[in-house]
Amino acid sequence: MTDTIPASRPIRRRIRALSDRSIAWLFVAPTIFLLLAVNIFPLIWTIRLSFTDFRANRPNREVEWVGLENYRRILTDPDIWNTMQVTAHFLVWTIALQVLIGFTLAWLINRKFRGNDLWTTLIVLPMMLSPAVVGNFWTFFYQPQIGLFNYVVSFFSGVDPSSFTMIGSVTLAPWAIIIVDTWMWSPFVMLICLAGLRSIPDYIYEAAEIDRASKWRQFWTITVPMVLPFLMLAVLFRGIENFKMFDLVVQLTGGGPGSTTELASINLKREAFEKWRTGYSSAFAVILFVTVFGLASIYVKALNKVKDR
Amino acid sequence: MTAFFTGLIRLRRGPWEMLATLLIALGVIMLMQPFVLWAFTWSFVVTLVGTVMFIITSHFPE
Chain A
1 MTDTIPASRP
11 IRRRIRALSD
21 RSIAWLFVAP
31 TIFLLLAVNI
41 FPLIWTIRLS
51 FTDFRANRPN
61 REVEWVGLEN
71 YRRILTDPDI
81 WNTMQVTAHF
91 LVWTIALQVL
101 IGFTLAWLIN
111 RKFRGNDLWT
121 TLIVLPMMLS
131 PAVVGNFWTF
141 FYQPQIGLFN
151 YVVSFFSGVD
161 PSSFTMIGSV
171 TLAPWAIIIV
181 DTWMWSPFVM
191 LICLAGLRSI
201 PDYIYEAAEI
211 DRASKWRQFW
221 TITVPMVLPF
231 LMLAVLFRGI
241 ENFKMFDLVV
251 QLTGGGPGST
261 TELASINLKR
271 EAFEKWRTGY
281 SSAFAVILFV
291 TVFGLASIYV
301 KALNKVKDR
Chain B
1 MTAFFTGLIR
11 LRRGPWEMLA
21 TLLIALGVIM
31 LMQPFVLWAF
41 TWSFVVTLVG
51 TVMFIITSHF
61 PE
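Order-wise, the sequence lines are chains A and B.
Numbered according to the UniProt record's numbering, the first sequence terminates at residue 309, and the numbering increases by one at each position without gaps.
Numbered according to the UniProt record's numbering, the second sequence terminates at residue 62, and the numbering increases by one at each position without gaps.
Bound-form chain A, shown alone:
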């Protein structure tokens, strides 16, 4: 005990002698180190690998520098082009449906009625679930024999429930993943729209009432323009997220049947960990990264605009 006290004194003194700036750096340093190790270093390594023909399953093979060859092959490959079109189909329809449903739900929830909070909680539930869980139980919903989805469709349309399969059909599988993503993420768009709707001051509507503006005109000239920045934010956020979509679709269809639901990230995983074309897949990852980074830059700009309002 008597030995430790004199030893700790110089350390204490040294800590007290540190400037505020040094202490701040001391606290931030572990985070910066982790960021560099987990994010920046792998990114730089991936960019480096994208210019080589490296294969991760043959680490001892001599690695050849191929320059921009991987990028040229990806950007002239009709299969990759098809993958991007599948991603675009998924992206456009999910965003369109989520905006439509999300905004309608927000508009309805914004009206004051009994049980408002309960309904909000119930609507928001799907986005709180794990994508793996959602994918798993929707595969049961889509079962032709026992699935709830087929029975609901059959109830309204009169079609035999076992006559169609959502996941196994080439034409229906892309819509199957769109329905699940819309079910899961429309509440998110609803929440953002609700924030926008609640930020509109009542006196604007009161002034419009005095000017004898109809409800329809109020909606188009007050509600829509005031909510639009929030809606843009939701669209950009969902766009970025769905561009990277992987877990939900892998759980639901695994990219099939054929390659009808093979989104860019699923194709990337196949190239990297099934075909082991690490250099090629690194180049593809860089292309996707630059696209997402570009979209994220626009997202941040839109976010700042909303903040300034």
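Possibly wrong hints are sitting among the right ones.
[To be verified] Ranges of calculated distance between the beta carbons of each label pair, as one might list FRET restraints:
1. B/Ala-3 with A/Leu-129: 21 to 29 Å
2. A/Leu-68 with B/Arg-10: 32 to 40 Å
3. B/Leu-22 with A/Asn-82: 22 to 30 Å
4. A/Thr-171 with B/Ala-3: 46 to 54 Å
5. B/Val-49 with A/Pro-10: 53 to 61 Å
6. B/Ile-29 with A/Pro-174: 18 to 26 Å
7. B/Ile-29 with A/Phe-113: 35 to 43 Å
8. B/Ile-9 with A/Leu-18: 42 to 50 Å
9. A/Leu-18 with B/Leu-22: 46 to 54 Å
In case anyone wonders, no lab produced these hints; they're calculated from the structure.
Where is the CB? At the ideal position from N, CA and C, for every residue including glycine.
Chain A is already provided as a structure; the job is to place chain B on it using the hints.
Okay, now just chain B, sitting in the frame of chain A:
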């Protein structure tokens, strides 16, 4: 429109960011369109130019 070009010449952030945003959006559309393969081929270059431009021009004065 004149203000936009004046802003570009005077290296102001607003118009340059707008131009970069347009390039990124154009690049994404070119990447995902189903019509012509050459647009898909050049999409990455357009997006990359837009993104790099965005990073640089976001440091320009207002």
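**Request:** Could you tell me whether the CB distance from B/Ile-29 to A/Phe-113 stays inside 35 to 43 Å?
**Result:** 41 Å, holds
**Asked** Is the gap between the beta carbons of A/Leu-68 and B/Arg-10 within 32 to 40 Å?
**Response** At roughly 35 Å between Cβ atoms, B/Arg-10 and A/Leu-68 fall inside 32 to 40 Å, so the hint holds.
**Item:** Consistency of beta-carbon spacing, B/Leu-22 to A/Leu-18, with hint 46 to 54 Å
**Value:** Holds, at about 49 Å.
**Message:** Please check whether B/Ile-29 and A/Pro-174 have a Cβ separation lying inside 18 to 26 Å.
**Reply:** 20 Å, holds
**Request:** With respect to the beta-carbon atoms only, verify the hint that B/Val-49 and A/Pro-10 lie 53 to 61 Å apart.
**Result:** Holds - the Cβ-Cβ distance for B/Val-49 and A/Pro-10, about 56 Å, lies within 53 to 61 Å.
**Request:** Take a look at whether the Cβ-Cβ distance between B/Ala-3 and A/Leu-129 falls inside 21 to 29 Å.
**Result:** Given a distance of about 49 Å, which is not inside 21 to 29 Å, the answer is violated.
**Request:** Given the hint of 42 to 50 Å, check if B/Ile-9 and A/Leu-18 actually sit that far apart at their C-beta atoms.
**Result:** The hinted range 42 to 50 Å holds for B/Ile-9 and A/Leu-18, with Cβ atoms some 49 Å apart.
**Request:** State, for the Cβ atoms of A/Thr-171 and B/Ala-3, whether the hinted interval 46 to 54 Å holds or is violated.
**Result:** For B/Ala-3 against A/Thr-171, whose Cβ atoms are near 50 Å apart, the range 46 to 54 Å holds.
**Asked** Cβ-Cβ distance between B/Leu-22 and A/Asn-82: within 22 to 30 Å?
**Response** 27 Å, holds
Of the numbered hints given earlier, the model fails hint 1 alone.
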